[in-house]
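Position chain W against the provided structure of chain R, taking the given hints into account.
There are 2 protein chains.
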Amino acid sequence: MLIVQKFGGSSVADAQRVFNVARIVTETYDKGNDMVVVVSAQGDTTDDLIEKAREINPDASKREMDMLLSAGEQMSVALLAMAIEKLGRPVVSLLGWQAGFLTNSNYSAARIKNVNTERIRNELDKHRIVIVAGFQGINRHDDVTTLGRGGSDTSAVAIAATMRADLCQIYTDVEGVYTADPRKVQGARKLTEITYDEMLELATLGAQVLNNRSVDMAKKYNVELEVLSSLKQVPGTKVKEVAKLEDMLIKSVAKDTNVARVMLVGVPDEPGVAFRIFSLVAKAHINVDIILQSVGRDGTKDIAFTVSADKGEAALNALRPYLEQVGAKQYSYDDSVAKVSIVGAGMETHEGTAALMFEALADANVNIQMIATSEIKVSVLIAREDADRAVAAVHKRFFEN
Amino acid sequence: MLIVQKFGGSSVADAQRVFNVARIVTETYDKGNDMVVVVSAQGDTTDDLIEKAREINPDASKREMDMLLSAGEQMSVALLAMAIEKLGRPVVSLLGWQAGFLTNSNYSAARIKNVNTERIRNELDKHRIVIVAGFQGINRHDDVTTLGRGGSDTSAVAIAATMRADLCQIYTDVEGVYTADPRKVQGARKLTEITYDEMLELATLGAQVLNNRSVDMAKKYNVELEVLSSLKQVPGTKVKEVAKLEDMLIKSVAKDTNVARVMLVGVPDEPGVAFRIFSLVAKAHINVDIILQSVGRDGTKDIAFTVSADKGEAALNALRPYLEQVGAKQYSYDDSVAKVSIVGAGMETHEGTAALMFEALADANVNIQMIATSEIKVSVLIAREDADRAVAAVHKRFFEN
Numbered sequence: 111m112l113i114v115q116k117f118g119g120s121s122v123a124d125a126q127r128v129f130n131v132a133r134i135v136t137e138t139y140d141k142g143n144d145m146v147v148v149v150s151a152q153g154d155t156t157d158d159l160i161e162k163a164r165e166i167n168p169d170a171s172k173r174e175m176d177m178l179l180s181a182g183e184q185m186s187v188a189l190l191a192m193a194i195e196k197l198g199r200p201v202v203s204l205l206g207w208q209a210g211f212l213t214n215s216n217y218s219a220a221r222i223k224n225v226n227t228e229r230i231r232n233e234l235d236k237h238r239i240v241i242v243a244g245f246q247g248i249n250r251h252d253d254v255t256t257l258g259r260g261g262s263d264t265s266a267v268a269i270a271a272t273m274r275a276d277l278c279q280i281y282t283d284v285e286g287v288y289t290a291d292p293r294k295v296q297g298a299r300k301l302t303e304i305t306y307d308e309m310l311e312l313a314t315l316g317a318q319v320l321n322n323r324s325v326d327m328a329k330k331y332n333v334e335l336e337v338l339s340s341l342k343q344v345p346g347t348k349v350k351e352v353a354k355l356e357d358m359l360i361k362s363v364a365k366d367t368n369v370a371r372v373m374l375v376g377v378p379d380e381p382g383v384a385f386r387i388f389s390l391v392a393k394a395h396i397n398v399d400i401i402l403q404s405v406g407r408d409g410t411k412d413i414a415f416t417v418s419a420d421k422g423e424a425a426l427n428a429l430r431p432y433l434e435q436v437g438a439k440q441y442s443y444d445d446s447v448a449k450v451s452i453v454g455a456g457m458e459t460h461e462g463t464a465a466l467m468f469e470a471l472a473d474a475n476v477n478i479q480m481i482a483t484s485e486i487k488v489s490v491l492i493a494r495e496d497a498d499r500a501v502a503a504v505h506k507r508f509f510e511n
Numbered sequence: 111m112l113i114v115q116k117f118g119g120s121s122v123a124d125a126q127r128v129f130n131v132a133r134i135v136t137e138t139y140d141k142g143n144d145m146v147v148v149v150s151a152q153g154d155t156t157d158d159l160i161e162k163a164r165e166i167n168p169d170a171s172k173r174e175m176d177m178l179l180s181a182g183e184q185m186s187v188a189l190l191a192m193a194i195e196k197l198g199r200p201v202v203s204l205l206g207w208q209a210g211f212l213t214n215s216n217y218s219a220a221r222i223k224n225v226n227t228e229r230i231r232n233e234l235d236k237h238r239i240v241i242v243a244g245f246q247g248i249n250r251h252d253d254v255t256t257l258g259r260g261g262s263d264t265s266a267v268a269i270a271a272t273m274r275a276d277l278c279q280i281y282t283d284v285e286g287v288y289t290a291d292p293r294k295v296q297g298a299r300k301l302t303e304i305t306y307d308e309m310l311e312l313a314t315l316g317a318q319v320l321n322n323r324s325v326d327m328a329k330k331y332n333v334e335l336e337v338l339s340s341l342k343q344v345p346g347t348k349v350k351e352v353a354k355l356e357d358m359l360i361k362s363v364a365k366d367t368n369v370a371r372v373m374l375v376g377v378p379d380e381p382g383v384a385f386r387i388f389s390l391v392a393k394a395h396i397n398v399d400i401i402l403q404s405v406g407r408d409g410t411k412d413i414a415f416t417v418s419a420d421k422g423e424a425a426l427n428a429l430r431p432y433l434e435q436v437g438a439k440q441y442s443y444d445d446s447v448a449k450v451s452i453v454g455a456g457m458e459t460h461e462g463t464a465a466l467m468f469e470a471l472a473d474a475n476v477n478i479q480m481i482a483t484s485e486i487k488v489s490v491l492i493a494r495e496d497a498d499r500a501v502a503a504v505h506k507r508f509f510e511n
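Going down the list, the protein sequences come from chains R and W.
So the first sequence is numbered by the numbering used here: it starts at 111 and just counts up by one.
So the second sequence is numbered by the numbering used here: it starts at 111 and just counts up by one.
By construction, these hints were calculated from the structure, which means they are not laboratory data.
Check each hint, because a few of them may be wrong.
For chains that are exact copies, the list does not tell them apart, and a pair is met inside one copy or across any two.
As the list claims (entries may be wrong) - In silico lysine-lysine, DSBU-like type, Cα no more than 30 Å apart, as pairs:
1. LYS162 <-> LYS196
2. LYS350 <-> LYS141
3. LYS393 <-> LYS330
4. LYS439 <-> LYS172
5. LYS421 <-> LYS300
6. LYS162 <-> LYS172
7. LYS236 <-> LYS223
Remember, it's a predicted structure, so these values are computed and weren't measured experimentally.
Bound-form chain R, shown alone (with noise of 0.2 Å):
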């Protein structure tokens, strides 16, 4: 089998921790599979780097910034494969544009364009372990680029696909997919398995598992993924098209609490006020949630929407010098809200489930602000001083019965 296995910074945090991760990966390689490993910067690497750069120029060029980061995992491919080298397996590192991850120039936030994986491949031809520094590329120019926060996950997703791998193992600081998070609720259960599509409403809602780029590219090409964690040798979840049923309506109940919401009170009740207002929030390369508008009466209507909490302020800016042009009478703005989801592909053929999780909500005196929902997903926005209770309530409601 070809199985491609990512490491994140905290799994190779320190020496100790890095022999933990040559471990499981000289395991699996004992038992006969080709591997590619990618990894991504020790700890608090890419923090210190910015930090330092920080110091020197807080308005660095993003090409000069990737320049700088990218040195994070170049140090953490180097040292693991000496792990390796010192566990007696054949292995060699590879940055990323030895690696063939050729992207394009969004310096910082660069896609990936093309993996040219014959390195690889003759490097796997010679039995070798091959490790491979997530999160970097380069640009046509030449240019060391870095596919942003949580680029190691797509770099892993980006070979397996490439190459076909039978397997493509997330290794992070979990066990794997929860129904909730095991931190905050108790009975909160591991999921064995679970749709792309229900990974990826799961990744928006801020359960930060698995980053949704990489998900999303799992789906497009089929890569079977698994999320584990390197610490606890126990099966993870898996992430794949069709999953097992498992007698669930839905799988995850999940919270955000980076969550702001603006309101915009008294706009026209006229076509284009909506564009107008969502065009100038586009324009501050701000995204916006969940959308509310309300029906209209006496030729106003109220239009409401949310942003992650960080964009709160921006999204206010952008709209503030507009606000008589569209219309609006007053606006608000309220950043102490949570947004509570259940997701499951179960409820698209399980009518009242939404009713469900309202009744929860209800018995446990929640009062619901905005409702969205999509064919695998129910989301409300609450009071996040309720969010916790929420959670539990709802999560009671599906799962512990």
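Leaving out everything else, chain W in the frame of chain R:
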């Protein structure tokens, strides 16, 4: 003018020093010069990385060590570029491979085969200051190599040679080349000019101002070097083919305490003995410095030679099993010695220079154990405890009249 500037690790050790370097670079750029700047890793970065590697695998392959260590320069070039961006000048940083450094595959001590300066030229055509990572290149397999300690000097000279730069400035933490170590010898004077050959002799004597390979290369391609301080803006010392005589018989007095003496007593006075001894030492990859052979008497002679003190044990070990075969009656080893030398192209045309030195030593009551001479150098081996006194006495005789 095309000017290559090189800054060592201590010159870019922290944010403040990085800006100091950025100012030197931009001032030279603002005068209308094309600028290529070679930088080493910051301060102790390389040593820290070596320590990290040792912790994981003291016997790590050189290939992976080079992968690890080359990250050091990657960080420093990016940070220097950011500082220059902050000062508002156009700049781009390049890694060894991007700057076209092709080396052989001798990891950790690779030799430059070729510098393809096309990319550097393109960047200069755009009027950018080009920052190049010193010390590193790639081999024909696209693997990262390093040039060994002091390799950044060689990187700078290689660029200057290939691009026919008008000047190659090596910035260090000293102000130039002195008639003796200014920290040790009162009255030591900075030289305005010195020849390549003199500089080479000084470098082998342990005056660590310039890496020897870089001087060798500068001589071969006639690159004008200047050694100067990054902390104090005063003219340094120029290194060139023909230096102004400045009415100086010699240029410098140097001391080397990294010396040990091996003596083989009573070897047969017959052809081939010296060959047998020194081929054994050469096989152990040990460089021999001074060799002294006594006049034969009663069919035997004594052979003494010096090696660097850190190779002393290894030299003994190489010889010990063959002492009988070589025919030596006994041997002795002494690492409490030092070498004091005078260097100067002037002595070629001035008889009696060596005699002047010996007189100065005799007046200071310093006993000479061995003597070696070249066209532009006279070295004596003396007891280490006499070394500082000897240097002072010789310096006084030549420079303080």
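Handout entry: Those earlier numbered hints the structure runs against, lowest number first
Key = When the structure is compared with the hints, numbers 4, 5 turn out to be violated.
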